[in-house]
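Visitor: Sequence:
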Amino acid sequence: MENKRIFIIEDDVNILYGLEAQFIDGNLDVETSEGDEEINEIIDRLRDFDPGYIVLDLILPKVDGFEIIKKIKEDDELNDREIFIFTDLSEEDSQERSLKLGADYIFFKDDFDTFQFAEKVLKIINNQEKHDEDEENYEE
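Quick note: to get our numbering, add 3 to the position in the sequence shown (first position is 1).
To be clear, the hints were calculated from the coordinates, so they are not data collected in a lab.
Note that the structure is predicted; figures quoted are calculated from it, not measured.
Cβ atoms here follow ideal geometry from the backbone N, Cα and C, with glycine treated the same way.
Check before you lean on any hint, since a few could be wrong.
[As the list claims (entries may be wrong)] With a cut-off of at most 27 angstroms between alpha-carbon atoms, the simulated DSSO-like pairs for lysine-lysine come out as follows:
no.: 1; residue 1: K123; residue 2: K76
no.: 2; residue 1: K112; residue 2: K123
no.: 3; residue 1: K7; residue 2: K133
no.: 4; residue 1: K73; residue 2: K103
no.: 5; residue 1: K73; residue 2: K112
no.: 6; residue 1: K65; residue 2: K133
[As the list claims (entries may be wrong)] Distance ranges between label pairs, derived from CB positions:
no.: 7; residue 1: F111; residue 2: D47; range: 18 to 24 angstroms
no.: 8; residue 1: E44; residue 2: K126; range: 27 to 33 angstroms
no.: 9; residue 1: F111; residue 2: N43; range: 38 to 44 angstroms
no.: 10; residue 1: E132; residue 2: P64; range: 15 to 21 angstroms
no.: 11; residue 1: D47; residue 2: Q119; range: 17 to 23 angstroms
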């Protein structure tokens with residue numbers, strides 16, 4: 004997947020803009036939301052921006068992060084996007100629920116600072132791209 008776009012949904016502006024800066028440095032196009040829109044607005048913005056990757060906080064001012072995962076996975080245009088959860092919710096059931104709904108990765112804010120989290124996400128994205136390229140080269 005050659006989609007170098009990432010959409011960040013995070014209500015803590017320090018984390019939001021820290022991640023944005025990191026991902027821009029990592030050569031990704033970035034779109035952000037502070038999670039203060041209605042869920043349909045967020046989904047519309049995701050469709051318009053068409054990111055390959057989504058970073059999502061589960062606790063947001065107006066919408067429930069779990070609902071966002073559900074909506075993304077039910078949407079024909081968005082359901083193949085990779086979702087990285089970055090949250091304070093560390094209970095096991097929220098982890099299980101996120102993964103069951105279709106999130107691909109879950110990271111906890113008390114385990115990683117913004118910089119470490121962004122590094123991990125970039126590493127995952129770069130490894131996938133390398134894997135995709137290797138597969139393409141193999142098929143030729």
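Visitor: Run the distance test for K112 versus K123: straight-line Cα separation, threshold 27 angstroms.
Guide: holds (13 angstroms)
Visitor: Straight-line Cα separation of K73 and K103 no greater than 27 angstroms?
Guide: Judged against 27 angstroms, a Cα distance of about 10 angstroms means the pair holds.
Visitor: Per the hint of 18 to 24 angstroms, is the separation of the Cβ atoms of F111 and D47 within bounds?
Guide: With Cβ atoms ~29 angstroms apart, the hint is violated.
Visitor: Quick one, are K7 and K133 close enough, alpha carbons at most 27 angstroms?
Guide: Holds. K7 to K133 sits at ~13 angstroms (cutoff 27 angstroms).
Visitor: Can you let me know if the beta-carbon spacing of E44 and K126 is within 27 to 33 angstroms?
Guide: Holds, at about 31 angstroms.
Visitor: So the hint says 17 to 23 angstroms: do the beta-carbon atoms of D47 and Q119 match that?
Guide: Violated - the Cβ-Cβ distance for D47 and Q119, about 32 angstroms, lies outside 17 to 23 angstroms.
Visitor: Are F111 and N43 spaced within 38 to 44 angstroms by their CB atoms?
Guide: violated (28 angstroms)
Visitor: Compare the distance between the alpha carbons of K73 and K112 with 27 angstroms, and conclude whether the hinted pair is satisfied.
Guide: Given that 27 angstroms is the threshold and the Cα spacing comes to 22 angstroms, the pair holds.
Visitor: So if I understand the rule, the pair passes when the alpha-carbon distance is 27 angstroms or less; does K123 with K76 pass?
Guide: OK: K123 and K76 at ~23 angstroms, within 27 angstroms.
Visitor: Just to be careful, I want the Cα atoms of K65 and K133 compared with a cutoff of 27 angstroms; is the pair within it?
Guide: violated (37 angstroms)
Visitor: Given the range 15 to 21 angstroms, decide if the beta-carbon distance of E132 to P64 lies inside it.
Guide: The hinted range 15 to 21 angstroms is violated for E132 and P64, with Cβ atoms some 34 angstroms apart.
Checked against the numbered hints given earlier, this structure breaks hints 6, 7, 9, 10 and 11; the rest are met.
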